[in-house]
Amino acid sequence: MEKNPDAYRKQSVRSDKIFKLAATIAGSFVLVIIALMIFQLISESYPIWESEGLSFIIGTDWNAVEGRESFGALPYIAGTLVTAALAMGIGVPLSIGIAMFISDAPAKIGGPLGFLVELLAAVPSIIYGLWGLLVFRLYFQDWVEKPLHDLFGDSIFLFSGTPFGLDIITASVILAIMIIPTVSSVSREIMKAVPQQQREAAYMLGATKWEMFKLAVFPYSKTGLIGASILGLGRAVGETMAVTMLIGNATGISAFPSSFFKPSQTMSSIIANEFVEASPASLHLPALIGVALILLLIAIVINVIAHLLVTRMMKIKEGAINN
Amino acid sequence: MSTTNEKRQEYRALFKNNVKKRLLVDKIVHIIIFAFVIIAIIPLGSILVEVFKNGITAISYEFLTATPGSIGSGDGGIGPAIQGTLIIIGLASLIGVPIGVMSGIFLSEYGDNRLARNVRFFNDVFMEFPSIVLGIFAFLVIVLILGHFSVWAGAFALALIMFPIVARTTEESLKMVPITYREAGTALGLKKWVITFRIVISAAKSGMITGILLSVSRIGGETAPLIMTILGSSQFFSGLDVPMDALPLRIWRLSLLPYESSQLQGWGAALVLIFIIIGINMAIRYHFANGNGIITRLIKQGVRTKR
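Protein sequence lines, in the order shown, are assigned to chains E and S.
Per the working numbering, the very first residue in the first sequence carries number 116; after that it's consecutive.
Per the working numbering, the very first residue in the second sequence carries number 949; after that it's consecutive.
Everything labelled a hint here was simulated from the structure, so no lab data went into it.
Hints are supplied without guarantee of correctness; some may be wrong.
Lysine to aspartate or glutamate pairs mimicking EDC-like chemistry, simulated, CA-CA at most 20 angstroms apart [claimed, not checked]:
#1 E:329 - S:974
#2 S:968 - E:326
#3 E:324 - S:974
#4 S:975 - E:219
#5 E:132 - S:1131
#6 E:135 - S:958
#7 S:1139 - E:326
#8 S:975 - E:131
#9 S:964 - E:326
#10 E:132 - S:1060
#11 S:969 - S:958
#12 E:430 - S:1072
#13 E:135 - S:1131
#14 S:1139 - E:131
#15 E:430 - S:1060
#16 S:964 - S:954
With the sequences and hints as input, model every part of the structure.
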């Protein structure tokens, strides 16, 4: 079949245009979804902002009983931030230590070890929760919480409360375990980006291994390591299932984190616990959606900062190679 | 002369002390770091051992195929949950993969402008969104509008988790295809979409499959968005607009029951789930992951949220 070349070209241009349009639409999908998501969350949680106003953020009451409804999300916001910060405090030094070890170990040890740590990342959150609830909690309660409570329980408020295992510190430790793979593998990547000459120069000055890290690696990779930690923080903030199963699920003012050994609640866990029971007709559902909105905004801020820091570090790396 | 000698001795002692101290610090740091590594490995070992040890006693043919028995009886099984997990993974892929692949094509083939840079950045940020918020979004746009919990809503929520992963891995694999392949196609007078689908994608297939499997292994263990979308049920699949069960949901329900037999069933379900997910993960690692691209990175960092 003979085709007029001009017509063929035209048709080809048209189908390519359609293709490009389809690809662009699919690409922009993520932007549309993000915008739509924020819009939906705002509009669906509007009733709660209208009735509670600012006290939704700074209030501490949480009562879903009809007629006495009052919602204040401050304890949950605090719970999320405290558990995530504790998780970061425990997890980040561990992760950076692991990254140092692996980046410095011979490939024979470093490879399999890195693999094992990364396997931690593949385990689903629900299984961490199950393990934390049925195994880890019992050991942690007997070996860590009770001794600490007996030693400091009366004198330091952080250790007061009943060490029952379903509390802030257990949830934070589980979160720390969960963020280790993320933080350690990003940190490893970032330490790899430090030019070999920097390390050699430090060794040449007579530095020990630790001094080499202190002199050559850390100053160079500071930004990236901070970015990696913040990425871990972002994961910890959004984590739901394991925390829900371990944090003890207090509500209202009693959920305000004031001691390691107190049941609390995070933003994600209150949603997981109450969402299905909340009736769309009452203020309960808008309140939970409002909590989700706050959670999303916090997560976006954390992740944008983390990504900017990590990408900047990687750009420096490319620059270093090009020079 | 004697003073210089004394001074020299003094300096030597100082130097020795200094080196000794530095070496000691170095040694201590070594020990600490080694301890860190051990501390991180213990939970993994413990999780795998406990899941296997407790799970294996629960597994039987009946357990894998039957519907859950009455609460606390220890009878019945997780048949609907396994079926539900497979169905929801399939449906989510049906929605998420085409969008992800097209979006990856956009980023790689038309990715040299401001829009694409923004898309790339927000894709990365979107990947880290708390999955429970995605679940709520699916609830708002599907469950609330249709008026009932449904499989579609769950599939939609999981597709949202899936597509940014597929998009980024697709982009990365397409970029690895040499530009000369595309030029050869152009020289033959092919249209751009024919080049992309017939030449570029077939060259980049294995990387894309890795990305898809990776996203499957990630959504397979996702629980939070399923709570408010497919809700959970104890019956076998009966339609796309009614609630359904899934493995992570079943584990959650079982683990919260105060009966030993239920917890044992929870371990059994966890074993099945971990078997599926670690299995996929290991297979990808063994076959595809060698290099420094985003795929290897994603496997290493674990594309979970938090999820």
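Hint check results:
no.: 1; hint: E:329 - S:974; result: holds (11 angstroms)
no.: 2; hint: S:968 - E:326; result: holds (14 angstroms)
no.: 3; hint: E:324 - S:974; result: holds (7 angstroms)
no.: 4; hint: S:975 - E:219; result: holds (15 angstroms)
no.: 5; hint: E:132 - S:1131; result: holds (19 angstroms)
no.: 6; hint: E:135 - S:958; result: violated (78 angstroms)
no.: 7; hint: S:1139 - E:326; result: violated (58 angstroms)
no.: 8; hint: S:975 - E:131; result: violated (64 angstroms)
no.: 9; hint: S:964 - E:326; result: holds (17 angstroms)
no.: 10; hint: E:132 - S:1060; result: holds (17 angstroms)
no.: 11; hint: S:969 - S:958; result: holds (16 angstroms)
no.: 12; hint: E:430 - S:1072; result: holds (16 angstroms)
no.: 13; hint: E:135 - S:1131; result: holds (18 angstroms)
no.: 14; hint: S:1139 - E:131; result: holds (7 angstroms)
no.: 15; hint: E:430 - S:1060; result: holds (17 angstroms)
no.: 16; hint: S:964 - S:954; result: holds (15 angstroms)
The structure does not agree with the numbered hints 6, 7 and 8 stated previously, though it agrees with the rest.
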